[in-house]
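In order, the protein sequences belong to chains S and V.
Under numbering that gives the first Met the number 0, read the first sequence as residues 0 to 476, first letter to last.
Under numbering that gives the first Met the number 0, read the second sequence as residues 0 to 180, first letter to last.
Heads up, some of the hints might be wrong.
Derived contacts from chain S toward chain V, CB cut-off under 7 Å, selection only [stated by the list, open to error]:
hint: 1; residue: GLU26
hint: 2; residue: GLU408
hint: 3; residue: ILE459
hint: 4; residue: LEU461
Sample of chain V residues lacking proximity to chain S, with all beta carbon distances greater than 12 Å (derived) [what the hints assert, rightly or not]:
hint: 5; residue: ILE6
hint: 6; residue: ALA43
hint: 7; residue: ARG73
hint: 8; residue: ASP118
hint: 9; residue: GLU119
hint: 10; residue: GLY142
hint: 11; residue: ARG167
The hints are simulated quantities; they were obtained by calculation from the structure and are not laboratory data.
The structure presented is a predicted model; accordingly, all values stated were derived computationally and were not measured.
Even for Gly, the Cβ is constructed at its ideal location relative to N, Cα and C.
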Amino acid sequence: MSEEKLHQEDERLDELFRRSLGEMRSEPSAGVWKKVNRTLFRSELSRFHFGNLPKATWGIIPAAVIITGIALYFGLTDTTVTSGQAHKRTVEARHASPKQTVTGGPADQRTSGQVDHGKPIAGTTAPTHQDSISPYHQNTIPPSTPPYHHTTTPPSPNTTVTSGPADQRTVEARHASPKQTVTSGQADKRTSGQVDSGKLAAVTTVLTPQDTAPPYHHTTIPPSTDTTAPLPHGITRAHASSLDIGLNITPDMVFYQEGSGSFKYNYSFDLGARYNIGRFYIQSGVGLMYSQDIGNYAISYLSNDSVGFYYVVDQYTIDPGNPGVPLFETKQVTVYDSVQHLTDNSTKNTYYYIQLPLTAGFRIINKPLWRLSVEAGLFYTWLVSSDEPAPSYYISEGRVLEIERESPERNSQSLGLTGGISVEYQFARNFFLLVEPTMKYYVQAIQENSSRGDKQPFSIGLRAGIWYRMNFKNKTK
Amino acid sequence: MALDPAIIEGCIMERRKEQQMLYQHFASPMLSLCMRYCRNRMEAEDVLQEGFIKIFRKISTFRQSGSLEGWVRRIMINQAINHLKSQKLLFLDADPYIIGNQIAEEQPEEQAELRYQPDELMQMIQELPPGYKVVFNLYVFEGYSHKEIAEELEISENTSKSQLSRARSYLRRKLAEKKRV
């Protein structure tokens, strides 16, 4: 067959395929877009990087955390039960002169309204001796609920008594327009209103000892019953000072800004210790972190491209039977004429780190059965062991020129920031479960030879463990 | 059918709706392209998926003065070639069992070409050894010269020519077998 005809046949063959398949369309399955969508989402998520945040954020975030913490601390003080700061009641009794303020003490303070003592209130009890011996009208609240001496007052049509589950009491008595309102409840916050005793003819309220708020200028204020309210069996209240020790496991998803756009998993086991001071705690411990990477290698090699081979004389000898005639010993040399590249990502590198965290936390919610805390701090990692297998590849015919490692080297030490929100559930007298979503950001590089995003990834994890509490003092049950 | 420039803008802004519209526009022809480089549909869909992810990540680098389809096509081809390389399939070496001259007499007649269904022809291409397949696709469908193929695959022009010749011989033999059946 002539060369021209062969060329025509080639063209015809090419045209056959071009015509038949050139405009061919094949509808992909629906799962392809879903996978694309999912990968794009992950990629967008992984591009989030703390380093990209405006510098002002680094000041705003801690300030917001502190302010929120303070606000929550004071906002929740009266609704949560902790030792050392149970109830606060302030009694203000406004006399015509002087102003009298009665405070029940650090463990039990009540607030009452203002009472104008310029004019006596009929039916109310005169100040007790405790009033007179307290220079600033501050009295120590006796442990038992005292019966109020004035539990019976003359009835008055202008007196309203309201009882309910809440814990407020308001008493207003104005002598110009006699009126008294008492709202009582079970809990432990009481506020009384203003009383213009000079114009109050008669106020009648029947109050039980438990339900009765000490009105206004009464100096004998019963202690809060909440601090001694019974707890579920076997449950111990939070203590002013205690030490918690726990074992935890934390799977982490580590996000890398650059590179594959995906995330990797780390697993940590740690022994943690917390020292609690009231609602605050300091936490440290030691952990072992397992991390895995895919080993990426680029292998360049010269391949045999059917160029052929040649023989090269290796050595020669003179034929002893034919003097002067050399006998050549040759060896075959293959001709390599193109550089090929292989990538190998079949190996897995494993790393073990020792982690040493140091964090401070604050319990926002401190219930007998469960607690919610926020914490933040630093962690230090130290690479103690690594296993990086050699690349695995197969080249049928060829010669390796270079093996280039594409996965970055790991640094031996790193420092990072960590934060979390921990939820504790007290399931036994001294044991509680901890679940804590955590976030880590590596301030110092953990990898070399890579872009910034790869060097400083961030991770999101879930720490879960079982803890034991050792109480030091103020133990109540 | 031209693509609305607003879709490209939306893709640059990483809006999912526009990304999906671009995907729907190009998915079918690009899957056919990928199938010519791969062994089966499933593998082709993997390449298609990776190719589109690359497209959406790099679309901000696309110069809108050029052809978007050409750009998308180019990315898909590169993705397919990289896939073959990563799977260690792209060995552009000789196959001693296929010698073009030996089956020259088995070339199909022109009339017989009409009997081949596109799916059959696609299967023949998919069954080609990877090296033949890539060179054949680049030369026949993409219009690359041997010089361009050599640069793309980092091989010599002679290697490209020999791979194409063997690909054609292989396909002729397959066409002849089909014809006999």
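Give me the numbers of the hints this structure contradicts, sorted from smallest to largest. 2, 3, 4, 6, 8, 9, 10, 11
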